[in-house]
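Between the sequences and the hints, there should be enough to build the whole structure, so can you do that?
Using the working numbering, you'd call the opening residue of the sequence shown number 3 and step up by one each time.
Treat the hints as calculated values from the structure; they're not laboratory data.
Warning: the hint list may mix true and false statements.
DEER-style ranges, computed between Cβ atoms [unchecked claim]:
1) Thr-222 <-> Thr-74: 18 to 26 Å
2) Asn-163 <-> Asp-139: 12 to 20 Å
3) Leu-167 <-> Ala-102: 25 to 33 Å
4) Ile-197 <-> Phe-177: 17 to 25 Å
5) Met-207 <-> Ser-54: 18 to 26 Å
6) Asp-139 <-> Asp-175: 41 to 49 Å
7) Asp-175 <-> Thr-74: 34 to 42 Å
8) Gln-76 <-> Glu-117: 39 to 47 Å
9) Tyr-149 <-> Asp-206: 27 to 35 Å
10) Ile-185 <-> Ser-136: 26 to 34 Å
The model shown is predicted, which means the values in this text are computed figures rather than measured ones.
No residue lacks a Cβ here, since even glycine has one placed at the ideal position from N, Cα and C.
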Amino acid sequence: MLNISKLSIKTINIIKRSEQMTKTLRNYAMALMLGMGLVGVNTTAQAEEAVSVYADIGGFSQYIWRAAAQGTGQGSLQGDVGIDHESGLSANVWFATGVATDDTEFDFTVDYSGEAGDIGYSVGFIAYVFANDSTLDAEEFYVGASYDIASLTAYIGDGYNYIELGAGATVADMFDASAAVGINSPDTGTSTTHITLGASKDFDMGSYTLSPSLTIGSVTDLDTEIAIGVNAAF
Numbered sequence: 003m004l005n006i007s008k009l010s011i012k013t014i015n016i017i018k019r020s021e022q023m024t025k026t027l028r029n030y031a032m033a034l035m036l037g038m039g040l041v042g043v044n045t046t047a048q049a050e051e052a053v054s055v056y057a058d059i060g061g062f063s064q065y066i067w068r069a070a071a072q073g074t075g076q077g078s079l080q081g082d083v084g085i086d087h088e089s090g091l092s093a094n095v096w097f098a099t100g101v102a103t104d105d106t107e108f109d110f111t112v113d114y115s116g117e118a119g120d121i122g123y124s125v126g127f128i129a130y131v132f133a134n135d136s137t138l139d140a141e142e143f144y145v146g147a148s149y150d151i152a153s154l155t156a157y158i159g160d161g162y163n164y165i166e167l168g169a170g171a172t173v174a175d176m177f178d179a180s181a182a183v184g185i186n187s188p189d190t191g192t193s194t195t196h197i198t199l200g201a202s203k204d205f206d207m208g209s210y211t212l213s214p215s216l217t218i219g220s221v222t223d224l225d226t227e228i229a230i231g232v233n234a235a236f
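Here is the structure:
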């Protein structure tokens with residue numbers, strides 16, 4: 003992970019879940035609690051109503067995160083599994099290959115989201131873990147708010163802050179589109195601007211949804227990056 007910040011499957015999920023704020027990554031911890039019997043439900047129907055589980059898997063031409071390429075142009079396999087609870091608590095584990103070090107990245111996120119009138123809010127924590135190089139590991143806390151199709155999120159990391167203004171909407175009932183502008187502000191050094199545009203189209207395949215996508219990223223003083231891919235959501 004570069005010291006700036008992920009799209010592809012994440013971009014698709016942000017577009018699809020923009021009404022639910024920054025729930026790009028959901029609750030794996032809740033799944034463990036259910037499995038251990040720490041969260042009780044009276045009936046199967048109640049459990050299904052209170053908790054929802056999802057998973058995604060996709061292949062992409064490269065790994066782009068916060069508008070920047072994270073590899074050297076190689077393809078990237080990405081996926082996640084997560085769980086949402088009706089209380090607003092959620093968690094997720096996400097992975098990506100195609101990192102510059104030929105490593106595999108795992109992101110673990112715990113999130114709490116809710117609404118106050120027409121304003122959505124979200125707070126959470128992300129742990130970035132690299133299978134073969136722990137020196138790249140990092141953590142971020144974040145807090146965000148949303149209104150209608152727009153969201154504003156602040157990420158606080160070790161030695162930097164990242165502020166992102168984003169929007170997502172369905173265009174003419176044909177495809178989903180998103181745009182995001184982020185400012186990375188390190189404690190030392192020069193701030194950079196990150197611009198990301200994304201588009202995807204859902205196709206209902208019955209037991210899963212297939213979503214081809216396009217992501218375009220541009221970062222100050224770096225080349226513009228493009229990634230295409232296909233994601234399957236279950």
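Now the hints, each set against the structure:
| no. | hint | in the structure |
| --- | --- | --- |
| 1 | Thr-222 <-> Thr-74: 18 to 26 Å | holds (20 Å) |
| 2 | Asn-163 <-> Asp-139: 12 to 20 Å | holds (19 Å) |
| 3 | Leu-167 <-> Ala-102: 25 to 33 Å | holds (27 Å) |
| 4 | Ile-197 <-> Phe-177: 17 to 25 Å | holds (20 Å) |
| 5 | Met-207 <-> Ser-54: 18 to 26 Å | holds (19 Å) |
| 6 | Asp-139 <-> Asp-175: 41 to 49 Å | holds (42 Å) |
| 7 | Asp-175 <-> Thr-74: 34 to 42 Å | holds (38 Å) |
| 8 | Gln-76 <-> Glu-117: 39 to 47 Å | holds (41 Å) |
| 9 | Tyr-149 <-> Asp-206: 27 to 35 Å | holds (29 Å) |
| 10 | Ile-185 <-> Ser-136: 26 to 34 Å | holds (28 Å) |
This entry satisfies every hint, going by the numbered hints stated previously.
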